[in-house]
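**Student:** Protein sequence lines, in the order shown, are assigned to chains A and B. The first sequence begins at 307 in the working numbering and counts up one residue at a time. The second sequence begins at 1391 in the working numbering and counts up one residue at a time.
Hints are supplied without guarantee of correctness; some may be wrong.
As the list claims (entries may be wrong) - Pulled a few chain B residues facing chain A out of the computed Cβ check, cut under 10 Å:
no. : residue
1   : Glu1422
2   : Leu1478
3   : Arg1483
4   : Val1489
5   : Leu1500
6   : Gln1683
Unchecked claim - Straight-line C-alpha distance at most 30 Å; calculated DSBU-like pairs for lysine-lysine:
no. : chain 1 : residue 1 : chain 2 : residue 2
7   : A       : Lys556    : A       : Lys618
8   : A       : Lys615    : B       : Lys1457
9   : A       : Lys556    : B       : Lys1457
10  : A       : Lys524    : B       : Lys1457
11  : A       : Lys524    : A       : Lys615
12  : A       : Lys556    : A       : Lys524
Keep in mind the hints are simulated off the structure, nothing from the lab. In this text the structure is predicted, and so the values were computed from the model without any measurement. All C-beta atoms, glycine included, are put in the ideal place defined by N, C-alpha and C.
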Amino acid sequence: MSTPTARRTSASLLQSQQRRQRELITPEGLALPVTIAGRGARMGALLLDLLILFLSALALFLLLLGLGIGLLGDNFEQTNSMAVELVGVAMLILLWFSRYGYFLYFELGPRGATPGKRAMGIRVAARPAAGGANGASGGRLTAEAVIARNLLRDIEVFLPVTYLLGMLFGGAQADGVMGWAAFVWLMVFLCFPLFNKDRLRGGDLIAGTWVVEAPRVKLAQVMPATSKVQREDYRFGDAELSIYGEHELKVLESVLRQNNPEAMREVTQAICRKIGWTGGGGHERAFLEAFYAALRAHLERGMRFGKRKADKHS
Amino acid sequence: MALNLFTPRTIDPPAAIEAATLRSDRFRLERETDWQRLELIVEALEKNRTRRISDEDLLELPVLYRKAASSLAVARETSLDAATLAYLESLVRRAWFQVYGPRTGLFAWLRSFLGGGWSASVRDLWLDICIALAVMVAGTVVGWLLVAGDQDWYYRLVGESAAGRAPGASKAELAASLEPTDSAEGLTFFAASLFSNNSGVCILAFALGFCFGVPTLLLLVYNMTMLGAMLWLFNDAGLTWEFAAWLSVHGTTELFAILLSGAAGLHIGRAMAFPGARSIMSAAAASGRRSAQVMAGCVIMLVIAGLLEGYARQLVPSAEGRATIGGVMLVGWLAYFILTPRPRAADGDAGAAR
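The following block holds chain A by itself, in its conformation from the complex (with noise of 0.2 Å):
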């Protein structure tokens, strides 16, 4: 079906994703899956919201400076200076405020995302071992945890970043041992989320959060779209059906959701080699959707009599 260098990156991935697979528990007892965001999604989601941050001071600054032409335009000097003084700081004071407001009003909305997080697809949920003590409202995201990962990421990223890149070009202090403290400390916490198993940053370490996976997923069609009338023209046996396992059952169903005829054509083959059946072609969709619907409802049926059976190795 593929090459097997395809084969095996997808089999990486694939264990990667499963390494990164966590269960939560919700207070009504169920367990749901999460899957904890990638480290490339959340450098990705950082860079798009710094520069989303960026632009918009640009646009505001420009704005201003538009504004600020059409004041120095009168010959009121004197008092021009001063306003333009007063816009200066209020920028100033609105610059230093826009980088936790932005962050701390998009984590603490309905969606617990910046729209650079939202982008990549994550979002920032409680951990919930970090409930700890009161295990009744763990997994409640608190608006003090937005705040304490929030201002951890000025200490984590944006103070060395500013003070290197003050020293790179405004060269004044070339303290050389400073510089790389600096540099030290930026790389420590950097690498910070690389060495633990819940990509864990500084901050979510202090405030028990985590940035998960967020996916939203359309309810798909019925799988056996076919009517029963046309699929009664196969008949399977418990011999042939007792093959293959869940996972197969799985494969099966996304090569008929994608419906691509070379897939199919070869799944099919590979089946009827499997269980000693002669197909004719052209016929493939219509004898996978009987035999997916066939193995699904015998695999169903164990499962009710508490019979599971993983894939075809079990």
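The hints should help you fit chain B onto chain A, whose structure is shown.
**Tutor:** This is chain B only, laid out in the frame that chain A set:
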């Protein structure tokens, strides 16, 4: 997706239930309308369009959520339809985030924060504040004593570039360094102070709480020795009152902020060093959330300190006037922190976090 951005989506009736052969498909078709109704509500909630949700739907939300959750539990044991399972998992997770999501938005939080939440968490940190205050006083004394013993220490502690303030400078020179500069460039002062040493010290003091609080204490000591050294210098020239007044304009606010952030860092460090019955991770998380409230307030204090340093100090030349402003600020902060009542725990979250 793009098509139904503006038009409210309607729920398609499921195909004939009888037509489905598989029991698990019948299970799905029977419940699918409820799921889709829940999905529509959750979607509106996520988009913050609460007004679009009818009262009926809102009342039904917990019921629909529990129905979907129980459907998921049943489907896991009876159905092998991977697509439906994936859909249900995603739906229940999304609904769970909405039903058990944060209850306060930014502005509601800000209101309760300024109206008592901040003061309450500052009061919760009283022990750490006492420790940090003791350390800061000790640092000042150490700085004083060091410079009094050997003037070379001044250069080591303060550095040489401190605007003509150095041992051996005449009284007039020192007094001149406290005068407002001619061009009252409030903006540059404000900007400089905002991004100055002190905000860095504040944030660092908090951040270094990580390492069991020890670096926080060292940082506080180091910074206060600097103050002690300068204090000695001006005292030596007989300018103690003028210097104290000059410093107090923004210093009462700024040093208070440094004190609070040091205490916040110490609080995390103490919780990690002595977690008690909790795990270190959960102790760190609990103390981190409390300290974060205090730190968010420190950010505000720093901005105010910057404004005071940039404007009030430049506009008020007399020592009395400066001392009054500084004193009023100090009394104001103390009154605010001590007298503001704890906000009523609206949803029990604040109480549970404690």
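**Student:** Hint by hint, say whether it matches the structure.
**Tutor:** To see whether the hints hold, each was checked on the structure:
| no. | hint | result |
| --- | --- | --- |
| 1 | Glu1422 | holds, 7 Å |
| 2 | Leu1478 | holds, 9 Å |
| 3 | Arg1483 | holds, 5 Å |
| 4 | Val1489 | holds, 9 Å |
| 5 | Leu1500 | holds, 9 Å |
| 6 | Gln1683 | holds, 6 Å |
| 7 | A:Lys556 <-> A:Lys618 | holds, 12 Å |
| 8 | A:Lys615 <-> B:Lys1457 | holds, 28 Å |
| 9 | A:Lys556 <-> B:Lys1457 | holds, 25 Å |
| 10 | A:Lys524 <-> B:Lys1457 | holds, 18 Å |
| 11 | A:Lys524 <-> A:Lys615 | holds, 27 Å |
| 12 | A:Lys556 <-> A:Lys524 | holds, 17 Å |
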